[in-house]
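**Q** Place chain E on chain H using the hints.
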Amino acid sequence: MSANPNWARWIFASIADNLNTVADTNSIPAIVEGVDDETDAFTEETDRVEIRISGPYSRKLPGNEYHIYMDINVILTSRFDGAQKNRHAILTNAGLFHEAMDQAILIYKFGDAAGDDGSYLGCLVPRSGKNDTVRVIHFGKVDPTDKVKQSVVDARYEMFLTSS
Amino acid sequence: MYPAELALKRTISRTLYNMKRQYGGSVDMYTVTSSITNQRSGVTIITKDVVHVDRVIVLPAQMTREVKKSISQISSNKKFVVGGTYDAGRRIFIIDRDDTPALDITNNSYLVYRNRKYEIESYQEYEFESGWIIVGRELIGEVPEQIYLLRADNLLDLQGEAADVS
Numbered sequence: 006m007s008a009n010p011n012w013a014r015w016i017f018a019s020i021a022d023n024l025n026t027v028a029d030t031n032s033i034p035a036i037v038e039g040v041d042d043e044t045d046a047f048t049e050e051t052d053r054v055e056i057r058i059s060g061p062y063s064r065k066l067p068g069n070e071y072h073i074y075m076d077i078n079v080i081l082t083s084r085f086d087g088a089q090k091n092r093h094a095i096l097t098n099a100g101l102f103h104e105a106m107d108q109a110i111l112i113y114k115f116g117d118a119a120g121d122d123g124s125y126l127g128c129l130v131p132r133s134g135k136n137d138t139v140r141v142i143h144f145g146k147v148d149p150t151d152k153v154k155q156s157v158v159d160a161r162y163e164m165f166l167t168s169s
Numbered sequence: 011m012y013p014a015e016l017a018l019k020r021t022i023s024r025t026l027y028n029m030k031r032q033y034g035g036s037v038d039m040y041t042v043t044s045s046i047t048n049q050r051s052g053v054t055i056i057t058k059d060v061v062h063v064d065r066v067i068v069l070p071a072q073m074t075r076e077v078k079k080s081i082s083q084i085s086s087n088k089k090f091v092v093g094g095t096y097d098a099g100r101r102i103f104i105i106d107r108d109d110t111p112a113l114d115i116t117n118n119s120y121l122v123y124r125n126r127k128y129e130i131e132s133y134q135e136y137e138f139e140s141g142w143i144i145v146g147r148e149l150i151g152e153v154p155e156q157i158y159l160l161r162a163d164n165l166l167d168l169q170g171e172a173a174d175v176s
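For the record, the sequence lines run as chains H and E. Each residue of the first sequence is one higher than the one before, counting from 6 in the numbering used here. Each residue of the second sequence is one higher than the one before, counting from 11 in the numbering used here.
Hints listed in this document are in silico derivations from the structure and should not be mistaken for laboratory results. Some hints here could point you the wrong way.
Said to hold, decoys possible - When the alpha-carbon atoms are kept at most 27 Å apart in a straight line, the in silico DSS-like pairs for lysine-lysine are as follows:
# : chain 1 : residue 1 : chain 2 : residue 2
1 : E       : LYS58     : H       : LYS152
2 : H       : LYS146    : H       : LYS114
3 : E       : LYS58     : H       : LYS146
Looking at chain E on its own, in the form it has when it is part of the complex:
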């Protein structure tokens, strides 16, 4: 790596660090590894992996009311001019790759932030594999179906006893 690139990488890392301090939040990143639907019953079995990321830069959300009109809808039903709307939000997440070296993002990944599910609309990588910028799409009301990692801890009482050392 050239010295100029090293300097740029350091600048990006420093910027990410500062933004994490200001806009930091924790997210769970899910990757769907398989999804099988029984065509007779409609029951779906989904398997997925989860990676918890403690510090992610979370930028403000933009909420919109969406209506999609594909050419098939328009051509099949000319009376269907309005309706069929749904609410969605868009939020940008920035992940420092140093925080999650094992994380791999695909278009089938989604993330959960504050119990709200964000599908990945698009993502791009910073230079030198320093970070990801993710544009997440939230469907208002969607169930995130989270995996909760089980943790157990126990606080031990510290007790001291002075021994008479002579």
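One chain only, chain H, in its complex shape:
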């Protein structure tokens, strides 16, 4: 029995939905890279995030079980915007995603194809290996002239699924 062809979509959609909800709840403009368009309104926002999802990487285990790995990074972009703006804005946003990505993400069968009933599929948890920390990386000002700073919140996840 091989991997379920819907896993990639279900996992992607569930992660995107989860992190989009974090952004919406905190009024942070967000797009999911490769899914959402970068509108003018989005690129003109002083603080914004882009959610990138890679995976699944799968390893077949005995029986019909699969070990699934996912990588997620959230890229935060923030303009300096003079004295009216708090310089900790990007840190505040990074902290919100750090908190969210340090938790399990529930995976549902989202979609509108046959078999996409929104039911629970499994639970994606942060990997616990030595090099699998949830990391907040600050790149600071990315250009000598453009007053834009960027950070990324990076996390790696795993879950076990059974192919039927």
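**A** Relative to the frame of chain H, chain E by itself:
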């Protein structure tokens, strides 16, 4: 100054004058004199000076979508291959120094043209201190935080009264 230099300076001045007539616009040139951020609160206090220049040669803008990838980004996160883009524009301004003898440009200066802020990417001086060529970088959506010089005027009605002079 040698006669040949005088002639060249006159030619530059005449060219600048003609370009100002064709491409002229007014800009405010800001110089940040101090910027202090409270590390506990993140609140920043910025002080700046502004010089208004009435006639500046403003050339057309070029808009691009930028993505910067420094070696630190690439090495720290190999999955981060795209994303993190932002829109920016580049525009050339030419200032006649005769218009603004008091103006001094530094890399911490920026200018505002039509309520859009342009950071100075580079600048160069014309020969004989006749002008500046400034390459400005605009971040789309950036707040210019302008200083508006207060002005007041009053139009007086002219009234005339003929006096009978005999």
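**Q** Look at each hint and say if it fits the structure.
**A** Against the structure, the hints:
Only pairs whose Cα atoms come within 27 Å are accepted, and LYS58 (chain E) paired with LYS152 (chain H) is accepted, the gap being roughly 17 Å. Between the alpha carbons of LYS146 (chain H) and LYS114 (chain H) the distance comes to roughly 40 Å, so the proposed pair goes past 27 Å and is violated. Under the criterion of a C-alpha separation no larger than 27 Å, the hint pairing LYS58 (chain E) with LYS146 (chain H) is consistent with the structure, at around 21 Å.
When held up to the earlier numbered hints, the structure conflicts with hint 2 and nothing else.
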